[in-house]
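According to this note's numbering, the residues represented by the sequence shown are 1 to 1029, in order.
It is possible that some hints are incorrect.
[Unchecked claim] Label pairs and their in silico Cβ distance ranges:
#, residue 1, residue 2, range
1, A249, K72, 49 to 57 Å
2, F478, S387, 52 to 60 Å
3, S494, R119, 51 to 59 Å
[Claimed, not checked] Derived EDC-like pairs (lysine to aspartate or glutamate); straight-line CA-CA distance at most 16 Å:
#, residue 1, residue 2
4, K85, D543
5, K583, D561
6, K775, D699
7, K581, D543
8, K596, D663
9, K216, E243
If you are wondering where the hints come from, they were derived from the structure by calculation, not from laboratory data.
Glycine residues also receive a C-beta, built at the ideal position from the N, C-alpha and C atoms.
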Amino acid sequence: MRIIVLLSILISICFTSFAQDGSNITFGIGEKVMVDYAIVDAQDNLIASGNYRKDHIESDLIIESRRFVVPKEGASFIVKFNPEKSVQWFHYIRSYNTPEITLLSDDSSNVYMIGVYERFLDFDGKSTFLGGLDKEIFVAKYTATGQLKWIKRFGSISDESIGKPTIDKDGNLFIVGRFQGNFQAEGNNSIVDMDGWRKSFLLKLDRNGKLVWIHKFDDTGIIVNAVEVNRQSKIFISGTFSESRDFGACNILTSKGEDDVFYAQCEQNGGIIWVKQIGGIATDRCNDITLDNYGYVFVSGQSSDNAGQRSIFLLKASETDGVTVWSNSVTTNTDKLPDFLLVNDLTVNKAGEPYLLGFAEGTELTFNDKIKLSQPNQRFIFLAKYSADGKVSYVDKESIFDQFGYATSMALDSRNNIFLTNFYNFNNFTYSILKRKTELDIQNCTSTSVIIANQESCAGQAMKLSENVIIPHNDFAFQWYKDGEIIRRATEPSYQAMEEGYYSLKLINKADKSCEVKSANNVLVSSKELYAHRTTDIVFHYDPDNYRLSTNSDTDQWYQDNQLINVQGNMLTNPPDGVYKIKRTVPGCSVTVESKEIIIQDGYGIELHKETIDGLGNHCEPFPYFRISTNITGEGLLYRWFLNDQLIPDSTETHLMAVASGDYHASIINLNTGKVYASRKYRLDRKDYLQALPLSKVDNGCGTAAVIKIDDAFATKYLIEDITWKLNGQELPNEKNLFIRATASGDYTSSVRYTTFYSEKTSCNYNSFTHFEKKPDFNVNIGYGYAGSGCKVDSFKVFVEANQAYKYQWARNDTLLNNQTSNELFVKDKSIYRAYVDRGDGCIKETDEISLSGCASDAFAQFVMLNPPVISAEKKTILANEKSFIKAEGCTDVNFQWLKDEIPLTGANEPALELRQTGSYALQIEKFGCKNVSNTIDIIVESILSEEGTAEIEIRAFPNPATETLQIVIPVASVGNSSITLQNSKGETLRKASFTQTTTINLKDLSEGVYLLTIETDKQRFVKKIVKK
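Construct all of the structure, not just a fragment, from the sequences and the given hints.
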């Protein structure tokens, strides 16, 4: 029970907003559990180390719900996980004081442990070697499968310490640290140093732990704290120094303040090639040094400026000579020194982008003009990523409330996962969480590390994308699913799920829709009743020694013979005869949980206690087990058990293994008095036999599909390791969820491998099956039609098939509309509509959604469509002194704008326009930002044409006005060569011909208007105006 309580405390305080986050690996629950180092091997397996101290009650270490037996005195440990977070192997290491260890891994995934021990050292309880009273260095090698290959020992007559080691591409180990006196490797003197001062060293071991060389720094003020080696086997170190120090090879540096930072390149024997300095007037600290694959060195730490202001620095320099490429500072408040300001780790990815891990308290951290972090009077952990050119990519912050927290190390894998080791101190317990942060971008579309964090309540599950998922560019859209089906308009990072089912999340890249990342977990929402019973620890029992009834809450309702009675507190002493029970209302659930009943008779009570035992010695087949608790004692007592009021043969013990569901009760017969005392009934249902539960099947009401799932009670009780689904004996690939969506008829079977939480027992298998018979599809199509006439359509009608046997209901934006029960619906907005068609037999079909946005802009919620307006002109050819109009036909409630030659006419905003100029006219209409334009009409406005004087001879041109033909006649006396010319108002010649006495001109192909007819004879010229209709 203590484990469960402590885990509840841990979960409730680890996540300030959401209780469960599968991204993390939890360690507990000794009094002190600290995971402080993590690495990733060549296969992306995670290896972590830490230490723990035991308390006097709990004796096992819990890692990810698995129990590991460890020494009561406490120890250090190393554990390896596969990419799915399952423990592959675990080992512990003991010493007089808890060993301090760091880890390395080579290209073959062998693991090297470098640490410091005191007095003695044993691995998994096997003593390895003894030491003196001082601290000594050890190096151990494990294979990829966790087999201990060898252990090496190094030290001097005084305490040794180590910094951050490294490993090169050939598996050689490089270790830095401090020693005093003669330094021994495997019992042999490697350094003879008799002056008695503590000095720094750098040594190289081969892949078998044999010393290749060791270099000591003779100047005692040089403290080396980290070493790195690149792919070309070049060696680089970092550390601090004070005052004036000789690094060798004429490299002498003098600190600007108390301590300054240095970084340097070393020769293949450890000697200095070049060294560089970083520092201010106060104390500076070097955290780490690391390298990229492009010839650059990165150094991090804390520095002070010339005014003594504290800051964090990150520097990039050339490997060739140490010259700075760029330097970036994280500054603190100028008016206050921080309570805490530390950089805990530095690493760089394959692209040459560095990461900083640290924490601060009592200050504001400024990374750049846009990124500032602060948490007044609280501590926060930060993870900062930089681009290769020194710009801040993002900063991720975790606030730590009401507890002491510390971030210690980080490791990167090839899948954009960042593992952080953290430990927290709360109420004298120290617990650790190994957090997995995942960077999600378009290069990481195959990520399996996207996790839904959730918090369960009677309102369902409050879910959101885990805060451990980092989306630096905000370039993913969200979509939530229930039982594999899309939830419409559930597109936010969080979602409140209230309906029963399994929920999942998909992230879709906004630029590339094919980049989809699915959540690695599904979140189960169970019924209120199941949640209430699972989370309510109701205890009601009879104490035969003190003759009293008690419960574990002082707010329960007490009942005697089904009548509510008044009981103060949580105890009823000397209860009178009757049948007792309690009821407890679960807040927020509207669910009341009842206890079992206890009978008090003649001052005696019988209580049945239900436990669980392994059936026939098989832990995979547990059975409920009853035992009797009573104050009926003495000789001559006969015990009997009943199932559904039927006597169970040979049931004469004070206990019983219950092999079937039903109502159980027990009786005690006092053979001396003939008195019979009975317990109340205790009902066992199918959930008490979880391994025999069938698959749950929930169809969609129409029988066309169903969700088949592992029973919720089973899913919440056990730790599921693997699941296989089959249809008609054929395995369904890629189906690894606890549910499956059945859309085809057949026999569905599941095989689940599971284990019990915190159990060391082997895994069990649970097989179950069910049959699904698919019914014919009930398809309902939704259609629409526009309503309205003229140029504006401002409503539409949506409709489904009309059937008198059906019932209809409409929803707008997922909200049901009252009193809308017809098969059609008229709407005037741009909302999203759908219909629900009730077939009358329990099948309710939901149509697809429909939304006609028309052409109105997003600034308007109304729906509108505009047809091209119809326009007409009274006349197309107009004399300049005539009055004529062009106008819209049957178009109202819109805004008008007349166009001439495609250019808006100023002030021309009425349905009709008086024509004054020749041109091509059109009408533009507008409503709610929607526009449309009519066809064009060409208009000619004629000036008043002039005629030349009256002819001396009579020349006839008729009819005038003319429609199709114009006849011209000249008197006989003037017969001779004559010519005619017909021109339009622009002076363009349309007809030209010669004739004698008479001729006819065809006007059919001419438009209406005024034309000039010129007739020339031998004697005179005649010009006349002709009107064509």
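Tested hints:
1. Distance hint check: the CB atoms of A249 and K72 are about 53 Å apart, consistent with the given range 49 to 57 Å.
2. Checked against the hint of 52 to 60 Å, the C-beta distance between F478 and S387 comes to roughly 26 Å, which is inconsistent with it.
3. Taking 51 to 59 Å as the suggested C-beta distance range, the pair S494 and R119 conforms, at roughly 53 Å.
4. Of the pairs offered as hints, the one joining K85 and D543 is violated, with about 45 Å between alpha carbons and a cut-off of 16 Å exceeded.
5. Taking the CA atoms of K583 and D561, the gap is about 13 Å. The hint holds against a cut of 16 Å.
6. A hinted pair counts as satisfied when its Cα atoms are at most 16 Å apart, and K775 with D699 qualifies at roughly 11 Å.
7. Our distance criterion of 16 Å between C-alpha atoms is met by K581 and D543, whose separation comes to about 14 Å.
8. Between K596 and D663, the direct Cα distance comes to roughly 12 Å. Compliance with the 16 Å bound is thereby established for this hinted pair.
9. Between K216 and E243 the alpha-carbon distance is near 19 Å, which puts this suggested pair outside the 16 Å criterion.
Hint check: violations occur at hints 2, 4 and 9; the rest are consistent with the structure.
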